[in-house]
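Student: Spelled out, the chains give:
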Amino acid sequence: MKIDLTDTTASKINKALVQGRRAIGTPAVGMVLTMVIVTDEENAYDSIKAAEDASHEHPMRTLVVIKRHVRTLRDRTHSRLDAEVRVGSEAGTGETVVLRTYGEVSDHADSVVLPLLLPDAPVVVWWPVDAPDAPAEDPLGALAQRRITDLYAFERPMEVLETRARNYAPGDTDLAWTRLTLWRSMLAAALDQARVRITSAAVEAEADNPSAELLARWLEARLKVSVDRVVTAGPVVTAVRLGTQNGEIRIDRPEGPLATLSLPGQPPRTLALKVRPTSELIAEELRRLDADEMYAIALKGEAAKENA
Amino acid sequence: MTENAPAAEAPAPQAPAPEAVQVPVAPAADWENALRDARDRRLPRIAGPSGLVIFGVTGDLSRKKLMPAVYDLANRGLLPPGFSLVGFARREWEDQDFAQLVHDAVKEHARTPFREEVWQQLAEGMRFIPGDFDDDTAFKQLKDAVEELDASRGTGGNFAFYLSVPPRFFPKVVQQLKKHGLASPPQGSWRRAVIEKPFGHDLASARELNAIVHDVFEPDQVFRIDHYLGKETVQNILALRFANQMYEPIWNRSYVDHIQITMAEDIGIGGRAGYYDGIGAARDVIQNHLLQLMALTAIEEPIAFDAEALLTEKLKVLKSVRLPQDLGRHTVRGQYAAAWQGGEKVVGYLEEEGIDAKSKTDTFAAIKLGIDNRRWAGVPFYLRTGKRLGRRVTEIAVVFKRAPHSPFDSTATEELGQNAIVIRVQPDEGMTVRFGSKVPGTSMEIRDVSMDFAYGESFTESSPEAYERLILDVLLGDANLFPRHQEVEESWKILDPIEEYWAAHGRPAQYASGSWGPREADEMLARDGRSWRRP
Chain A
48 MKIDLTDTTA
58 SKINKALVQG
68 RRAIGTPAVG
78 MVLTMVIVTD
88 EENAYDSIKA
98 AEDASHEHPM
108 RTLVVIKRHV
118 RTLRDRTHSR
128 LDAEVRVGSE
138 AGTGETVVLR
148 TYGEVSDHAD
158 SVVLPLLLPD
168 APVVVWWPVD
178 APDAPAEDPL
188 GALAQRRITD
198 LYAFERPMEV
208 LETRARNYAP
218 GDTDLAWTRL
228 TLWRSMLAAA
238 LDQARVRITS
248 AAVEAEADNP
258 SAELLARWLE
268 ARLKVSVDRV
278 VTAGPVVTAV
288 RLGTQNGEIR
298 IDRPEGPLAT
308 LSLPGQPPRT
318 LALKVRPTSE
328 LIAEELRRLD
338 ADEMYAIALK
348 GEAAKENA
Chain P
47 MTENAPAAEA
57 PAPQAPAPEA
67 VQVPVAPAAD
77 WENALRDARD
87 RRLPRIAGPS
97 GLVIFGVTGD
107 LSRKKLMPAV
117 YDLANRGLLP
127 PGFSLVGFAR
137 REWEDQDFAQ
147 LVHDAVKEHA
157 RTPFREEVWQ
167 QLAEGMRFIP
177 GDFDDDTAFK
187 QLKDAVEELD
197 ASRGTGGNFA
207 FYLSVPPRFF
217 PKVVQQLKKH
227 GLASPPQGSW
237 RRAVIEKPFG
247 HDLASARELN
257 AIVHDVFEPD
267 QVFRIDHYLG
277 KETVQNILAL
287 RFANQMYEPI
297 WNRSYVDHIQ
307 ITMAEDIGIG
317 GRAGYYDGIG
327 AARDVIQNHL
337 LQLMALTAIE
347 EPIAFDAEAL
357 LTEKLKVLKS
367 VRLPQDLGRH
377 TVRGQYAAAW
387 QGGEKVVGYL
397 EEEGIDAKSK
407 TDTFAAIKLG
417 IDNRRWAGVP
427 FYLRTGKRLG
437 RRVTEIAVVF
447 KRAPHSPFDS
457 TATEELGQNA
467 IVIRVQPDEG
477 MTVRFGSKVP
487 GTSMEIRDVS
497 MDFAYGESFT
507 ESSPEAYERL
517 ILDVLLGDAN
527 LFPRHQEVEE
537 SWKILDPIEE
547 YWAAHGRPAQ
557 YASGSWGPRE
567 ADEMLARDGR
577 SWRRP
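Protein chains in written order, with the numbering used here: chain A, 48 to 355; chain P, 47 to 581.
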């Protein structure tokens, strides 16, 4: 069911949530976390959809914060909060509150979100677009132990990547990193099989792909070799090559979900390596809510690791 | 481990013949995969290079559970690249026919959605060996297939042999594996055997079976499947007890009144007359599943969460089990009788096709056990199982003593029962806590309420099937969730005297299908001043 509230407050929203749950007959739910999505009107629909899909694996309360643009001076001085409370079948397996802020309250969205967090449960903030430069210092980001950003949503991802590396705080994570998990686990499995020392490495990807850069930095940090970045036509990451004494270990994914793994002295074999939808990425993010140290290592590259 | 040290430094043109079998390179002892790191918890536990050989691959278990589980593992990215699946059965089939069988089984029974690319990855490594178990040519073919897979798929000589066949074929199959050199792993690799229950029908036969299998495979390379132990809820028993502070202090004789462990099925014996008659519910279920559940409920904290430590603790419990003095008064067996069950008219056990009308086989069994140690002295464990009971359910109920003193008068607490923690193993996995609460209103009245934790609510959807977990563990060589032969033998020592008593005394009591067992079972608890929970 859906309850619309206009010009409202957090306590009225809380009441509406209880009322909604009572009405559908499940007063207690086993929600495991609160997800705060900070987005604009344009990206709200897709993000909510992804969060609802992910909520099948992680039942959660989703709070969507949408800052509305205001055009007139009157609107700017007059602040207003509208809310849309969705429970039951309309909100995946948890409950969703869409908050629209107008005027001054937009700068104090944390004051609305704080009373709506589930007691004792972890908080995750996700910026599908327009993530702040320092997520941990953002008022909403400060409420969360996990902050999800997405380098793919920026015009100049490589510049933002450097900013992220500078401002990294434990709990930060990025979907550009999450997208690599399948690649990374296949590379690790290939190395399990080859059991040799790696002497050189290369990552092939479309130009300015932040995932490829993170992958290259991760390989550099772990394998202690320098990694060549090779630009191809894409899409995204198309190949990783690891040089060894006996030949090359390589995973090629020219396009589509099928990749080929080649190990020295062995015939090539097929691997399933698909590009996953956002909902699966979010579901993976929510599986672990502690700091992702390996992301930090990849983000900062080798140099920073020595200082740490 | 010195062979394969940097042999011939000079890049001698080794001219690898195309079919040259790749002997798995025994890795230098200090080789570590730099891409793996304990902190990198996104990377899943992927099994190392390996293959799975299934005997009896056309059977029900294989089609409904094993093959879908293999696919689900592949779909979750948990199988190594090059993982291979070899089927062995008495069919005149080519590899493609086998792939078709797997394809259909996966489409119908897999938990995760069907994805063509995952299927392709799997299908490339499928082989089929037609033949009988005493057919030497077939086993030669199997050996060739294994070697061919090592060369073409990089399985590295690591193979698990899953014996999804009736136990009377075990000796034959393992002997053949030995004869053809399939059971002995090349240097640096492993060969494992996976077997399903029944692990014998009494202590003597269990020992015989163990001897046969251990003659060929090392005891720690033999994995006995008890699919209950692969269930999330069962693994959660240990998490619940030993990761929390609030349960363990009351998990003992000072607070616990008694424990009931129930595994009920609503189906009859179906087409399994040949297997079931003469075996019965106690041997089929209590000996393995229920005694394992009891052991996990009762064990002391293991020093570590590994196979060795768990085995030590489980054995301590199983060895301390004490049977009741008077088996006649504290054990009950029954047979289901014709009745209406859930809106359907069903026949009784003795009228089932293929069953002797004078059969004394039990389809219901209830026993009382004690555990002689400081924690559990005097606390009875009631175990019951049966076919054609009210509904399909497995649960462990820890029932607590009443509060030693109640400040409320007796009318206020008339409807208050004993507190209980119920671990719901299946279906509807989760946990229920029952306790008293005040009924809203002006008078003081206290009534039982329950508080629920449902797996489906906190961790929906992603809960994997027991067989997925178990097959992955076999490939990883992780034996935590597999009963060892010592446990099997201890369990038979518990059950054998009861079976002997039953064989010598009386007949099973009849109970109406769809009920919760014979009246005698209720009387058995009533004698102790207790009653069964209705699960």
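Since the hints were derived computationally from the structure, they do not count as laboratory data. We put the beta carbon where it would ideally sit given N, CA and C, even for glycine. It is possible that some hints are incorrect.
What the hints assert, rightly or not - Across the chosen pairs, the derived CB separations fall in these ranges:
1. P:F215 / A:S247: 20 to 28 angstroms
2. A:P314 / P:D150: 23 to 31 angstroms
3. A:S247 / P:E254: 56 to 64 angstroms
4. P:E162 / A:N214: 39 to 47 angstroms
5. P:F215 / A:A70: 57 to 65 angstroms
6. A:T279 / P:H260: 31 to 39 angstroms
7. P:D190 / A:E206: 32 to 40 angstroms
8. A:E206 / P:P473: 48 to 56 angstroms
9. P:K224 / A:R323: 27 to 35 angstroms
10. P:A289 / A:T119: 39 to 47 angstroms
11. A:V277 / P:E78: 54 to 62 angstroms
12. A:R323 / P:V495: 37 to 45 angstroms
As the list claims (entries may be wrong) - DSBU-like mimics (lysine-lysine), calculated; alpha carbons at most 30 angstroms apart, straight line:
13. P:K153 / A:K62
14. A:K321 / P:K484
15. A:K96 / P:K153
As the list claims (entries may be wrong) - One side only, chain A facing chain P, incomplete, derived with CB under 7 angstroms:
16. K114
17. V152
18. S232
19. A235
20. L238
21. D239
22. R242
23. L270
24. S273
25. P304
26. P315
27. L318
28. L336
29. E340
Student: If a hint holds in the structure, say so; if it does not, say that too.
Tutor: Hint-by-hint comparison with the structure:
In this structure, P:F215 and A:S247 break the distance hint of 20 to 28 angstroms, their C-beta atoms being roughly 52 angstroms apart. The hinted range of 23 to 31 angstroms is satisfied by A:P314 and P:D150, whose Cβ atoms lie roughly 28 angstroms apart. A hinted range of 56 to 64 angstroms for the beta carbons of A:S247 and P:E254 is consistent with their spacing of about 57 angstroms. In this structure the hint that P:E162 and A:N214 lie 39 to 47 angstroms apart at CB holds, the actual value being about 42 angstroms.
Separation of P:F215 from A:A70 is about 59 angstroms and conforms to the stated range, judged on CB atoms against 57 to 65 angstroms. Range check, A:T279 to P:H260: Cβ separation about 55 angstroms, and the 31 to 39 angstroms hint is violated. The hinted window of 32 to 40 angstroms between P:D190 and A:E206 is violated, with their beta carbons roughly 58 angstroms apart. In this structure the supplied range 48 to 56 angstroms holds for A:E206 paired with P:P473, their Cβ-Cβ distance being about 53 angstroms.
For the pair P:K224 and A:R323, the supplied restraint of 27 to 35 angstroms is violated, since their beta-carbon distance comes to about 45 angstroms. A hinted range of 39 to 47 angstroms for the beta carbons of P:A289 and A:T119 is inconsistent with their spacing of about 57 angstroms. In this structure, A:V277 and P:E78 break the distance hint of 54 to 62 angstroms, their C-beta atoms being roughly 28 angstroms apart. Separation of A:R323 from P:V495 is about 43 angstroms and conforms to the stated range, judged on CB atoms against 37 to 45 angstroms.
Between P:K153 and A:K62 the alpha-carbon distance is near 46 angstroms, which puts this suggested pair outside the 30 angstroms criterion. Straight-line distance between C-alpha atoms of A:K321 and P:K484 comes to about 55 angstroms, which puts the hinted pair past the 30 angstroms bound. Annotation: proposed proximity of A:K96 to P:K153 holds, straight-line Cα distance about 27 angstroms (limit 30 angstroms). With 7 angstroms as the threshold, the beta carbon of A:K114 stays out of range of chain P, its nearest partner Cβ sitting at about 32 angstroms, so the hint is violated.
At about 33 angstroms, the closest approach between the beta carbon of A:V152 and any beta carbon in chain P exceeds 7 angstroms, and the interface hint on this residue is violated. At a threshold of 7 angstroms, the smallest CB-CB gap from A:S232 to chain P is about 5 angstroms, leaving the interface hint in force. Interface restraint check: A:A235 against chain P, minimum CB-CB distance 4 angstroms, threshold 7 angstroms, status holds. The beta carbon of A:L238 is positioned within 7 angstroms of a beta carbon in chain P (closest approach about 5 angstroms), and the interface hint is therefore held.
The restraint placing A:D239 at the interface with chain P holds, with a minimum CB-CB distance near 6 angstroms, inside the 7 angstroms limit. With a cut of 7 angstroms, the hint placing A:R242 at the interface with chain P holds, because the nearest CB-to-CB distance is about 4 angstroms. Interface hint at A:L270: satisfied, since its Cβ lies 5 angstroms from the closest Cβ of chain P, which is below the 7 angstroms cut-off. Interface restraint check for A:S273: the shortest CB-CB distance to chain P comes to about 15 angstroms, outside 7 angstroms, so the restraint is violated.
Against a cut-off of 7 angstroms between C-beta atoms, the interface hint on A:P304 holds, since the closest Cβ of chain P lies about 4 angstroms away. Because the beta carbon of A:P315 sits about 10 angstroms from the nearest beta carbon in chain P, more than 7 angstroms, this interface hint is broken. Evaluation of the A:L318 hint against chain P yields a held restraint, the C-beta minimum of about 5 angstroms falling below 7 angstroms. Proximity of A:L336 to chain P is violated relative to the hint, the smallest CB-CB distance being about 11 angstroms (cut-off 7 angstroms).
For A:E340, the interface hint holds, since its Cβ comes within 7 angstroms of a Cβ in chain P; the closest pair sits about 5 angstroms apart.
Consistency with the previously given hints fails for numbers 1, 6, 7, 9, 10, 11, 13, 14, 16, 17, 24, 26, 28, ordered from lowest to highest.
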